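*Asks:* Just need the whole structure built from these sequences, with the hints factored in.
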Amino acid sequence: MHFEWTATYGHILLTGLLTTIELLLFSGFFGFLLALLVGFGRLSKQPLIAWLSLSFTNLIRGTPLLVQIYVLYYGVGSLFVGFPAVRDSFLWPYLREGFWYVVVALTLSVGGYVGEVIKGGLRGVPKGELEAARALGMSRFLMIRRIWLPRAIQILLPSLAGESVGLLKSTALASTVAVMDVLGAANLVRAQTFRTYEPLLLIAVTYLVLALLIEHVFRRLELRIPVRGAL
Amino acid sequence: MDWIQQAVNTVIGDWGVALMQGAMVTLQISLGAFAIGLVIGLTVAMVKMTCNGSLKALANGYTTVCRAVPELLLILLLYYAGSDLINAIAALFGHGPVEVNGFMAAVVVLGIVQGAYAAEIIRGAVQAIPAGHIEAAKAFGARRGFIVRRIILPEMMPYALAGLSNLWLVLIKDSALISVVGYNELLFTTKQAAGSTREYLLFYLSVAAIYLTVTLVSNAVFGRFERSFSRWMPAN
Numbered sequence: 000m001h002f003e004w005t006a007t008y009g010h011i012l013l014t015g016l017l018t019t020i021e022l023l024l025f026s027g028f029f030g031f032l033l034a035l036l037v038g039f040g041r042l043s044k045q046p047l048i049a050w051l052s053l054s055f056t057n058l059i060r061g062t063p064l065l066v067q068i069y070v071l072y073y074g075v076g077s078l079f080v081g082f083p084a085v086r087d088s089f090l091w092p093y094l095r096e097g098f099w100y101v102v103v104a105l106t107l108s109v110g111g112y113v114g115e116v117i118k119g120g121l122r123g124v125p126k127g128e129l130e131a132a133r134a135l136g137m138s139r140f141l142m143i144r145r146i147w148l149p150r151a152i153q154i155l156l157p158s159l160a161g162e163s164v165g166l167l168k169s170t171a172l173a174s175t176v177a178v179m180d181v182l183g184a185a186n187l188v189r190a191q192t193f194r195t196y197e198p199l200l201l202i203a204v205t206y207l208v209l210a211l212l213i214e215h216v217f218r219r220l221e222l223r224i225p226v227r228g229a230l
Numbered sequence: 000m001d002w003i004q005q006a007v008n009t010v011i012g013d014w015g016v017a018l019m020q021g022a023m024v025t026l027q028i029s030l031g032a033f034a035i036g037l038v039i040g041l042t043v044a045m046v047k048m049t050c051n052g053s054l055k056a057l058a059n060g061y062t063t064v065c066r067a068v069p070e071l072l073l074i075l076l077l078y079y080a081g082s083d084l085i086n087a088i089a090a091l092f093g094h095g096p097v098e099v100n101g102f103m104a105a106v107v108v109l110g111i112v113q114g115a116y117a118a119e120i121i122r123g124a125v126q127a128i129p130a131g132h133i134e135a136a137k138a139f140g141a142r143r144g145f146i147v148r149r150i151i152l153p154e155m156m157p158y159a160l161a162g163l164s165n166l167w168l169v170l171i172k173d174s175a176l177i178s179v180v181g182y183n184e185l186l187f188t189t190k191q192a193a194g195s196t197r198e199y200l201l202f203y204l205s206v207a208a209i210y211l212t213v214t215l216v217s218n219a220v221f222g223r224f225e226r227s228f229s230r231w232m233p234a235n
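Residue numbers (numbering that gives the first Met the number 0), protein chains in the order written: chain A, 0 to 230; chain G, 0 to 235.
Simulated from the structure, these hints should not be mistaken for laboratory data.
As the structure is a computational prediction, the values presented were derived from the model and not from experiment.
Quick reminder that beta carbons are idealized off the backbone N, C-alpha and C, glycines included.
No false leads were mixed into what you were given.
Computed beta-carbon distance windows for the label pairs:
| # | chain 1 | residue 1 | chain 2 | residue 2 | range |
| --- | --- | --- | --- | --- | --- |
| 1 | A | Q45 | G | G123 | 34 to 40 Å |
| 2 | A | H1 | G | M232 | 53 to 59 Å |
| 3 | G | V64 | A | F2 | 17 to 23 Å |
Some chain A residues close to chain G (C-beta under 10 Å, calculated; not the full set):
| # | residue |
| --- | --- |
| 4 | L58 |
| 5 | P63 |
| 6 | L71 |
| 7 | Y73 |
| 8 | S77 |
| 9 | V164 |
| 10 | L167 |
| 11 | K168 |
| 12 | T175 |
| 13 | N186 |
| 14 | Y196 |
| 15 | A203 |
| 16 | A210 |
*Replies:* Shown next, in the form of structure tokens:
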């Protein structure tokens, strides 16, 4: 094991780490919004909306994320190349890079997986609390914003921690479409220094630390919420 | 309608056989890895529940690391480490470098990764068995091996089934990662097809449909299992 290459290649790995964290935050944020839509859609009384949300989760959870990334990056991406209008537009610099394709793919994926989790949480909120909100004259929207959603998220914090670690692990797939995330950076270092294990092991530890960090943040969030214990 | 005809011709006519072969390889890899994952999972779960000291710490470390580090990274690491290890052993016995069997490597690597998840599922299922059942067996003088074989293993199955069926679905999807290290499974075949015909969207959508079919069929099969198991579960 030699690690003296970190002096020359360290900054590449750090930039990669930053990209990984960006991927995580962007797709985590947008994915969570989508997941809310999907979660409420699954519980909708409108058959069409319920069916659409169910089909979406089945589609996302039934196909490998790598295939979804390829469909977007190679498939949809190759369509864009054919349209000169798109190539000349201001969006082209973004459409050429893998980063945003991966963000979209991860967002959809989070929407599918977390949407199902949120559906469970929404169902888990005791009925009496919702009835109380209605009895106090809250409108449906206010009830969702003040009671239903916060209570569901509170119930779901442990599962959301797990899903977040899952998302962190999924960001590694970005390296397969030439995004320089931390795994992509490690692959570059590997190719240039001919060292197989050291870069990979180093970033494995990085992922481990990031995962522990996520768990820690969620545990802090859980502790902030008072639980009514048996007195 | 012309382009549909053409699309069907390209996917099924030109590449149908290759894609089917790829799908078979994917299923074989997943089945093999599932079996290895179950064996590893059972062993690690037993170690976690019965042993103490360094062995237990090792088991905990294995499940923590394998569940926190991306599968793709683990596959890369284990793939290289495995081939190097085999070559080192071959060199020890005076052989030159050997060609590592890509299929076996894929199965073992995925099995090791999934073993960590299987271990947690099995541990949870065993802990769900009412303690009284095991105490009753002990009271009748049953030996340890007998309890494991006749009480713990059959009784934990209904509890473990939902988790294990989930694991199988995850495994089918994770097997697509093997295409990154270059073994010729379903996604790798699709990559070649898409590259040579330049019909990227068409082929990646087709392969998504194949994966979706496999997971939906698996879901239906596991649903039947679950129903037949839950018949003799205590009602709650």
